Structure formats: structure tokens, C-alpha cells
Amino acid sequence: MSVMKPEKLSLHRHSSTRVCGVVFSLSLFSIGLTIARADPVSELASFSIFDKVDLAQLAKSDVKTAHGPPMRNPRFLAVQSCYVSGGSPSQQMDALRRWDATRHRELKVFLHSDLPSNPAPGNFEKLKNAPDNASVRSFVAATQKLSSDLQVSREEAKKFSAGTGGAGGGAIPAPVVAFWSDVLTARTKSFVSGGMAAQPSYDHAGPSIRASDEVNGLLREQEKIRRQFSGLLGATGIGRGAGSLKPELYWELLDVDDQGVVTLGASYSRSGAAGTFQAADVLYYASGGYYVALTLYQLWPVTVEGKPSTLAWRGDMISAASLGSLHGVERLGSESVMMKNISKAVTLFRRDSGGR
Amino acid sequence: MEGKPVKMFALRFLILLLSAPIFFATPAFSEEGNNSFWHMSGEYVAEETYVGEGDVERGGKHVNDFDEIDSNLRFVLTPRTSIGVLRLGAEWERFSFGFPEKTALPNTLQSFSTVIGLDMQFSDSIIVRAEGQPGLYDSGLGHLDWDDFNLPFLVGGTYIFSPNVQLVLGVSVDVERKYPVIPAAGLRWKLAPQWLLDAVLPTPRLQYEMNRHVSLYAGATFKEASYRVDEDFGDSHGITRLNNAIVTYSEVRTGAGFDWKISPIVTFTGEVGYQPYRDFDFYRAEVRYHQDGGAPYGTISLHGAF
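Heads up: the protein sequence lines correspond to chains C and E, in order. Throughout the first sequence, residue numbering follows this note's numbering, covering 1 to 356 in sequence. Throughout the second sequence, residue numbering follows this note's numbering, covering 1001 to 1306 in sequence.
Excised from the complex, chain E in its bound form (with noise of 0.2 Å):
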């Protein structure tokens, strides 16, 4: 048996890996996330969002001094199988605006659906992720109908670059929505050992990591989803067309915020900011309200990955 020295330098190609962490991960939150007590691996996301008083306007009809709870909780198990990633879950997410009377426009969006994805590895470099939402997505509980159900869904791409810049492009499709297809592209990209350019929908951001506990950033959410109102809410409402109509709804945040890590799976997010945009479309019926004025936001989350 002959016993010889070796030197392997490609093992040290290894170790870049540990700069690798990406889509979301931080890289200097190195406490082990080992839930022993339970063998599956997740997220969640329980969010909630006060906007202040804002103003939206329709053919010189304004609806002023609204506020907005937008509130959201979502589960998702992602366990490692043969093909990939699943992913499959549950989330519920609400708006509640407080309209004046007799404004035609839905107090309540709400969804209930389920998640079901794959994050697959197509290659080193190529990672696909395909996730559908069905679910009912309506104005409240009032008046639950199969007309309710839709099925959003988005197929994306990311491209390693390298361990620090990451290329992301994908498609949201959503039947239901004026466009139906909305095509997106991202960057993220490491650009020094606490800055991070993750210029990502629906949250880009650029993130400052001032320790191992607590990171700031500045970015934008967007948000755009389609609900059916109720059938009588035309009626109701003084617009007949929009008896069972589809409303669009869509908002833009723009804000500053901190991430503080509480544990290796539990971590705490504020943010304040100005929300620049909100749109509500019923455009099959061409009812549209769209922004007239602003309003300041602030925003409280628990979310974390076990």
C-alpha cells in the first residue's frame, strides 16, 4: 500500500461557496437555523401595514382621507425532494380601506389561497422557480363564490453570475388582470462585503448590513393583485357594471426600514415610508380611480425560515 502526499488546491474553489448565500439570505447571520424538533424545512410571514390618510380620484369624483390596513400571513413548507424544492403553503392577505360612504370602491380585498411551487436547479448556474397561488380572491367573506377562484401564478429565472451577482427574469400571469402577462427583470448583486443591491420584484431593495444582528435598507414594494367584488355590489354602489366585477388593485411603497434577527429564525422588520402610487381598475367595466394623493406607511413583520 503506497501511501503519498498530495496537494488538491481545487478544494479551496470550495470554500467561495460560503459567499454564496443568495435570494434573501445574509450571509453574516451565521447562527444555525437547526430545528431539531422538526426534520422540514419553511417560511413565514405575518405583516402588517397602516397606511395613512390618502387620496384617490375618478373623473373629478374624489374619495379623500382614506386610511389602508393591509394585513398578511403566509406559511410555506419547502421540502427537499428528488426534483427540487417544493413549496407548498397558505396565505391570507387583506385590505381594509377606510372609504367614505357610498364610494364605489370595495372596503375589503381579501385572498385566501394556497401555495404550490417547485424551486428546481436546471443547471450551476440556473435556478427556476414555477409557483402558482389558487385561491379565492374576493371582497370579504360576505358572499363566497366559485367566480371568486383564480389562479395567478409566475415562472422565473435566476442566472449566477457569479457568487455576487445574480440575474433574475420571470412572469407573473394573472387571467384575471388588465394585462394578463407582466414580464420582470432583476439584479442582485453583492456590490461590498455590508452592501447589497437586490434589485428584485416585488422588493427591491438596497440593504446595509450594520452587524451580524441588524441591517438597514431603503427599496419599494410593489403590490398588484386581482379580486371579484360581490355580485350586488354594482347596486349597492350606484354603478350596476360593477355587479361581480374584477377590480385591480395596485399599490407602490416606497420606504427605509432595519431587519433585526431575533433568532436564527425569527426576524423582526419595521419600515416607514411614502406610499407614491395606488390604483384601483375595474377596467373590464373602465371604472378606474387612481392616485390623487399620498400617504405615509409604516409597516411591522415577523418572517423568518426554519
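Chain C with its partners taken away, still in its complex shape (with noise of 0.2 Å):
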């Protein structure tokens, strides 16, 4: 169980006058685990909004999803979610890596390309290939006019008035996929690098705002989640600098709120104990729309009905701006099509994979 290394390795450092103290704790930590590897249910409602679930009636129903705690932060939301799928977690993960989900229309992503760790220019050479809609032309003017809608640095925005004079393209003009082609490249090789941490901050209109600080914030006001995943997303760049553990890397232009976006995204995903996998998705960068949008995985095996199957549990949360202006009921009405949104990508992996 290769989880379990840093905790023995830690107890060899310990001095000998400890070690029956020590021992006793492990005992307690393992005799713990056990039962939570068990008991998924049972490390499901510690950490997450089910406190109650019954295996065998979640299996037969679609996703269950729910409100997250509320925030203070007003530009942050989540959702939880949870459902069974026949298989094991491994098994799903395979299915989720394979899963196009760009054969969906309603996930309105245009384009969707993924990324070396030594990315060029050359890399987003699709966004020529952009379709010629509402959305794509809305981004277009968008990036000609500089508008403050655009989420850049200081730096990058002025790397864009030197490209403004060069001839047009498709839906995309030649200047602006340039343009985009280097502040994606940039961006990039800053997350291999030194993870969100070293992401420039979007600053080129109004408030400075770092991806990093908010993708912070958004755990630490989850602080069960932020516990349940603290393993896995210290070994990612998730808020922080580089880490050990080697991300998948992509781009795309999709829509948000009829306005083209493009965005860069990192995967990640590690096997835990008893046949576990946790599994962090993090869109650590958006020229609009939303400053950052983070999903984590926990799976686990369970046996329903003499199958092996897998209970996952997903965490979806987001910081926006446009979220920050809405209150009471409005807020709700967010939360509520962010649950109807995800419950459909679910329903959709779920057909897809075979997996319900």
C-alpha cells in the first residue's frame, strides 16, 4: 500500500522512548483505516455534505448531488455529488480518461487540444481552425479592443497592442491567435514550472486577482475537503508551485455565458489504499468568465448486489466574479442549474462508459 510509506518511514526517525507510544497511535491510525477502507460510506459522510447514503438505493438512482457548504466568499461556489458505477475505481478512471466528452454539444467546447510540458506557439495552432459563431467572434473583439472583461496581466496586455497590426485569418485573426498562442504558451510553461503559484495575476483591468489565492481560498473555506485531498494536492501545483506528481495538460476555447473562452487545464489523479483513487482536475487559467474552476475525485470499491462497483464522490467548485453579484434566491438559482449541469455530465460519463 504505497500510501502508507510516508507514515512508516516517519516513525523509524522517532526515538526509541517513543516507539510504544508511536506504535499505539499507528495501531489506532490502522485499525482506523480499516474501518474506513471498509467503510466507504462511513468516509464519505466524514468529509463530504451525504452524511447518509444507502449503497444499494444510490445505485440504482441517477447522481445524487447537493450544495456545497455555504462560502463567505461570494465569488465562490460548489457542488457535491456522488453516485455508483459498475467497476472498479480503476476501471473508472480509465473510463474518464478515455471519455470524449466534446461528442457532447451542450458542453459548448469548441476546441480542446492537449498540451506537451514543453508547449510552443505551434500548440495552439487550432484556435485558426475556431468556428465562425457568436461566441468566437465576441472573444475576437473582446482580445482587439482589450476589453476588461479580459482576464491578463499587466504584461500580457501589453505584448498584445505590438501584434495588432498583422492581416486576418479565419474566425480568429491572425494577431489575436498570435496573441493567445503566446499568452497560453507562457502561462503554461509557468504552471510546469512553478505550479499556480507562479501564474502572473489578472490584473490588466480592475482588482489583481491570482488563480492561486483563489483556488486557496476556495479549499481552506472546505476545510474537510481540503483535509480529505491534502495528500494528493500536495503533490500537484493546485494552489501552490510545482509538484511531484506529473500533470496532463490542455487547452481549449469553449463558451461561458455566450463569450468565447480559452482556458488551460491540469489533470491529475493517484491510487490510494484498498484500491482507492482520488483524482483533482484544476482550470487554472481563463481569459474570462470564471478565475478558476477546480473538480476532485475520490473513489472507492464497494460490492452492490455481489458486483464490484465503484462509489465516487466528486467536488465541484468555482470562483467567478459574475457569482459575486448574485444574492439570496439568485444564488440558489446558480447552485441549482450547477447541480442540473453536473448531474447531466455524470448521467452522460455514466451511458457513456457503460458505467449505468
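FYI, nobody ran anything at the bench for these hints, they're computed from the structure. Note that the structure is a prediction, hence the values are computed from the model and not measured. Beta carbons are placed, not taken as given, at the ideal position from N, Cα and C, and that holds for glycine. Heads up, some of the hints might be wrong.
Coverage of chain C stretches by chain E, computed from C-beta distances (three or more under 8 Å per stretch; other residues unrestricted) [unchecked claim]:
#	stretch
1	65-74
2	321-329
3	332-345
Join these two chains into a complex; the hints should help.
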């Protein structure tokens, strides 16, 4: 059980006078871990909003969603969901890797491309093939006038003014493609070398916003979740410097509220004790619409009606300026839509992957 | 410890929520309303409407050229609780009419009410609001009495069909009203990035968002409430059966206006238009004054949420 190694190693550093106590503590820890692993429902209840889950019932039903705990920062919103799928957690992770969500038009992802760890502007040349639609046109217009809605740094904004004289192209003119290719290349490189902490602020217009502060704020306001995933997150570049885990990097052009947005993402996962898995996917940069978005996954192996299955918990959290203007029932409505969208996404995934 | 890259496309569904600001929110108004000095959310309205000279008529008796001032103050706290969003506050509204002397209509209709309600999330598609406004509904402060107490309330549900389309069904209940139960249905449809059809009572509108700070709209305002007049109102106005009577006042305004978002928590609204319908109905006493001539009106308002 590789996840136990750090604890075991640290045990040997203790002095002999403390060995008995440490061993006793470790035994208790191990017993607790065994109980927790033997009872995924209890572990789920320990950090999530789902304090009572009937596995058999959940296996027969659609995904269960609930809004996360209220957060003090009005920019933040979180939704949690859980469901049971057929197959083991590792099979579920494989299915997630294979799943091609771009087949579903409702995702409004216009372009998607994986990125190497040392990208060049050429890795973003798909931008030239962007569809000619209202969303992309508004993205182009916002870029050309360096709209205050654009989330870039002052330094990045200066680079655009130097490149506005180029020739036109497809839906996205060449100077706009060149500008974003440079911005996205540089931001990907800085993420690879220094994690989210190395990302330039969004300070082109308005107050300076750091994506790493936003994601750390999201996690700080959900302490139980932060603790549950501290091991995984500590090995990633999410909200901190570059971690030891190697991320899968990607970029996308998508629609957010009828506005084209280019975004950079990184995904991580690792196996845990007793066949469990944890995963994290962060959108650490967006040209507009939202500051940062994070999805965490916890998968446990369970047996339902004699069949190997997976109990999955998923936490989706987002920070966006537009959420700050929502109050009362408006906020409730946004949470409802977020829950609805996540339910839809999970349902599509389970249908595509044969999990249900 | 095994580290594997994984791609979770499902996350991208999450960001569709940003097209979801519903129930009167304006997505482009993206400035943050972070009231860090007070961690309590709420909403407020301070509104004044002047309606120019209009006419009503009852059985050949005309009441001509009277104006109206409608003043409204409303403050509601909206704290989040485990069962939903509470709505706790107060509202004052006063209609002042410039009637000629001896008109058998009250010069003032006024309400002081508390607002007690709850918004609940029934599922990821349904949000339900239950709200009552217990208070005093009378014709002025002269003769306050428990008879003036009323408890109109509403129960409504919003079905979130998609981030761009929501259906609203509701029922308004006022036991003092001629028709105590009035059902209503509405639709909220984001037709295009800048166009919103908000066909929900009491203020259905078609809205066009010019920029992040200014929206234009055309629409209507429906108002209806019941008030109890003074015990000697009938005696002093020549119709004794109007003593202590209930009058249901209704009006409809149609017009166009603008919302100017001055700050994340302050919006200024200006509206002008025409009032095509007005009705004073002492339905139990069978005395009814109905619209005989419309009138222009103008409204200014400061409102917002924090």
C-alpha cells in the first residue's frame, strides 16, 4: 500500500522512548484506516455533505447532488455529488481518461487539445480553426479592444498592442491567434515550472486576482475536503508551486455565458489504499468568465448486489466574478443550475462508459 | 504512490453555470458585490412613482384629473440557512391620490408590513418561494386598528428548464381581496446574449443589455392590494356602507426605462410610460370606480442586493 509509506518512514525517525506510544498510535491509525476503507460510506460522510448514503439505493438511482457548504466569499460556489457505477475505481478512472465529452454539444467546448510539458505557440494553432460563431466573434472583439473583461496581466496586455497590425485569417484573426498562443504558451510553461503560484495575476483591468489565491480560498472554506485531499493536492501544482505529480495538460476554447474563452487545465490522479483513487482537475487559467475551477474525485471500491462497483464522490468548485453579484434566490438558482449540469455530465459519462 | 494523468471533461459542464444567473440577475454586471463589512445578504428598494392626472368613473359619476404618488420602501435580509434562504424584512408603501373633495375614495392607501419568507431548493430543477407580508393595510395613520391587519402571501415555484429558460408558477392569496386566490404563470427566457424576456409578474419585461452598466427595458407593472378604510369613512363621504370597508386597489403601468448599475449594490432605475388601467373596488359594499382616462407616469428607483 504505497500511500502508507510516508507514515511508516517517519516512524523510524522517532526515538526509542517514544516507540511504544507511536506504535500504539499507529495501530489505532491503522485500525481507523481499516474501518474507513472497509466502510466507504463512513469515509464519505466524514468529509462530504452526504452524511447518510444507502449504497444499494444509490446504485439504483441517478447521481445525487447537493450544494456545498455556504462560503463567505461571494465569488465562490461549490456542489458535491455522489453516485455508484459498475466496475472498479481503476476501471472508472480509465473510463474517465477515455471519455470524449466533446461529442456532447451541450458542453460547448469548441476546441480541445492536449499539451506537452514544454509547449510552443504551435501547440495552439488549432485556434486558427475555431468555428465562426457569436461566441468566438465576441472573444475576438474583446481581445481586439483589450476589453476590461479579459483576464490577463498588464504585461500580457502590452504584448497585444504590439501585434495588432497583422493580417486577418479565419474566425480568429492571425494577430489574435498569435497573441493568445503566446499568452497560453507562457502560462503553461510557468505552471509546469512553478505551479499555480507562478501564474501571473489577472490585473489588466480592475483589482489584481491570483488564481492560486482563489483556489486556496475555495479549499480553505471547505476544510474537511481540503484535509481529505491534502495528500494529493500537496503533490500537485494546484494552489502552490509545481508538485511531484506530473499533470496532464490541456487547453480549450469554450463558451462561457455566450462569450468565447480560452482556458488552461491540468489533471492529476493517484491510487490510494485498498483500491481507492483520488483525482483533481483544475482549470488554472481562463481568459474570462471565471477565475478558476476545480473538480476533485474520490473513488472507493464497493460491492453492490455481489458485483464490484465504485462509489464516487465528486466536488466541483468555482470562483467567478459574476457569482459575486448573485444574492439570495439568485445564488440558489445558480447552485441549482450547477447541480443540474453536473448531474447531466455524470449521467452522460455513465451512459457512455456503460457504468449505468 | 502512483501518479497518473487523467482528463475529466465533465468539469467543463461546471462553467455553464455562469450563464445561469437567474431571477433578475444581470450576468454582465460582473463586479463583485463583496460586502466584507457585513456578512449578511439582503435586498432593498426605494421607489417613487408619480402618475399624472387621470380619471375614474362609477355609474356616471366621474372623478377627473387626480394625480397619484406611489412611494415604496422595502428592505429584506436574505440569510442562508440549512433549509434555504430566509427572507426577513419590512415594507412600507403608500398611494397618495389628489382627489377632489367629497370623492368617495380614500386619499391615502398605506401598508406597513413585515416580510417573512423562505426560498427553498426542492431539487436541482425546482426552487420554491413562500412569502407572507403580515401587516397593517389601511387608509392612513389616523385610526390604526387590528381590523387593518392582513396577511397576504404567495407561494411560487420556479422550474429551471435550462440556464436560459425558467418557468414560474405561483399563487397569490389575500383573503380580503375580491378574488382571494389568484394563480399566475411566467416565463424567463434569455433570448440572446443581450436580450432577456422576463415575463414574470408583477413586473414582466423585455430587457436589452446595452453594456455592463446599463440596460434598457420595456414592460409593465401590476399592483394590487387590499386596504381597510376608516370606521367613519362612509359617513364622511356620503356612502355609509363604506364605513370600515375593504377596498381593493389595482393598477397597471406600461412603460419603458433603464437600469443604471452605479455600483455592485446600487442600481438606479428610471421609467416613464402610461397607466392604462386603474380600479378601486369596495367589492363587499358594491362600490367600484374603474378607469375612465389613463395617465402618464414616471418612476425613479434605487435598488440593489448585497
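Hints and how they fare:
1. 65-74: With 6 residues closer than 8 Å to chain E, the stretch 65-74 of chain C meets the three-residue bar; holds.
2. 321-329: holds (count 9)
3. 332-345: holds (count 14)
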